[in-house]
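Protein chains: 2
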Amino acid sequence: MKHIHYSDAEAQHFDGNTVKGVTGRIVIGKADKATNFCMRTFTIEPGGFTPKHSHDWEHEIFIHQGQGLLLKDQKYVTVTPGDVIFIPGNEEHQFKNDGETPLTFVCLIPKGAPEL
Amino acid sequence: MKHIHYSDAEAQHFDGNTVKGVTGRIVIGKADKATNFCMRTFTIEPGGFTPKHSHDWEHEIFIHQGQGLLLKDQKYVTVTPGDVIFIPGNEEHQFKNDGETPLTFVCLIPKGAPEL
Numbered sequence: 001m002k003h004i005h006y007s008d009a010e011a012q013h014f015d016g017n018t019v020k021g022v023t024g025r026i027v028i029g030k031a032d033k034a035t036n037f038c039m040r041t042f043t044i045e046p047g048g049f050t051p052k053h054s055h056d057w058e059h060e061i062f063i064h065q066g067q068g069l070l071l072k073d074q075k076y077v078t079v080t081p082g083d084v085i086f087i088p089g090n091e092e093h094q095f096k097n098d099g100e101t102p103l104t105f106v107c108l109i110p111k112g113a114p115e116l
Numbered sequence: 001m002k003h004i005h006y007s008d009a010e011a012q013h014f015d016g017n018t019v020k021g022v023t024g025r026i027v028i029g030k031a032d033k034a035t036n037f038c039m040r041t042f043t044i045e046p047g048g049f050t051p052k053h054s055h056d057w058e059h060e061i062f063i064h065q066g067q068g069l070l071l072k073d074q075k076y077v078t079v080t081p082g083d084v085i086f087i088p089g090n091e092e093h094q095f096k097n098d099g100e101t102p103l104t105f106v107c108l109i110p111k112g113a114p115e116l
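Quick note, the sequences are listed as chains A and B, same order. Anchor point for the first sequence: position 58 equals 58 in the working numbering, and the numbering is continuous, going up by one each time. Anchor point for the second sequence: position 7 equals 7 in the working numbering, and the numbering is continuous, going up by one each time.
It should be emphasised that the hints constitute simulated quantities derived from the structure, not laboratory data. Just so it is clear, CB atoms sit at the ideal spot from N, CA and C, and this is done for glycine as well. A portion of the hints provided could be inaccurate.
Stated by the list, open to error - So the derived list for chain B, only partly shown, Cβ under 10 Å to chain A, looks like this:
hint, residue
1, E10
2, Q12
3, F14
4, D15
5, T18
6, V19
7, V27
8, A34
9, T35
10, T41
11, I61
12, Q65
13, T80
14, P88
15, L108
16, L116
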């Protein structure tokens, strides 16, 4: 059994033209012999955003802390703690942090998708 | 894309000899055409507990709110928000709420396991 705080997992920082102020962590993955699906966490700083993109695998997401905006069906909708989002494959999506504190969420992907 | 608050999903309440004060919800599952893995949430009231058991599928868990105890390798360890737990198949586990507020966590399982 593995038991950590998500912030103790190795952090990867993403900043560029299409992504800003994002920290990603693989918290349960292949290295843990979790072979069916992978749990990552993402923290977006205020003003930051993830890429606007789509891909052929799904996301299962749970919002832990903060508030933000989610691109859903071409519109941005507000997300807050306790929100659950299922993004099927090939649906465009993006998260932005329009709040004043970090936005942290859990995002799971099936085996075969890139872990981060 | 599905977007709900977890508390808006149908609740199932569990109380008996081996489980007390537990509310479970399937928040992303087969009904959503999520065919690879299933997201559930569980809320344990203060003094409540989940069954002490094991089974052949794994859990990927994220603690959202509250505090509690987790049976890990025959001992109870404290869990708090932001904690991540990977329970491989066939490892005994149990959660108890020893705090004063509800303990809420996300628990994911692979396809083929009972959704709740």
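Agreement of hint T18(B) with chain A interface, Cβ distance less than 10 Å: Cβ of T18(B) sits 20 Å from chain A, so the hint is violated.
Restraint: A34(B) near chain A, CB-CB cut 10 Å. Satisfied or not? holds (6 Å)
Does the CB of I61(B) sit less than 10 Å away from some CB of chain A? Where the cut-off is 10 Å and the nearest Cβ of chain A is about 9 Å from I61(B), the hint holds.
For the hint on T41(B), just tell me whether its beta-carbon gets within less than 10 Å of chain A. Holds, about 8 Å.
Min Cβ distance, V19(B) to chain A: is it shorter than 10 Å? violated (20 Å)
A closest beta-carbon separation below 10 Å is what the hint needs, so does D15(B) meet it against chain A? violated (23 Å)
Classify the hint on Q12(B) as holds or violated, based on whether any CB of chain A lies nearer than 10 Å to its CB. violated (16 Å)
Hint validation: Q65(B) versus chain A, beta carbon distance must be below 10 Å. Holds or violated? Cβ of Q65(B) sits 8 Å from chain A, so the hint holds.
Closer than 10 Å between Cβ atoms is the bar; does L108(B) clear it against chain A? Give me holds or violated. Hint holds; L108(B) Cβ to chain A Cβ min 6 Å, cut 10 Å.
Interface hint for T35(B), Cβ within 10 Å of any Cβ on chain A: OK, holds: T35(B) within 10 Å of chain A, min 9 Å.
Double-check V27(B) for me: the hint is only fine if its C-beta lies closer than 10 Å to a C-beta in chain A. holds (4 Å)
Regarding the hint that T80(B) lies at the interface with chain A, is the smallest CB-CB distance below 10 Å? Holds - the Cβ of T80(B) comes within 10 Å of chain A, reaching about 8 Å at its closest.
Taken one by one, the earlier hints fail for this structure at numbers 1, 2, 3, 4, 5, 6, 16, listed in ascending order.
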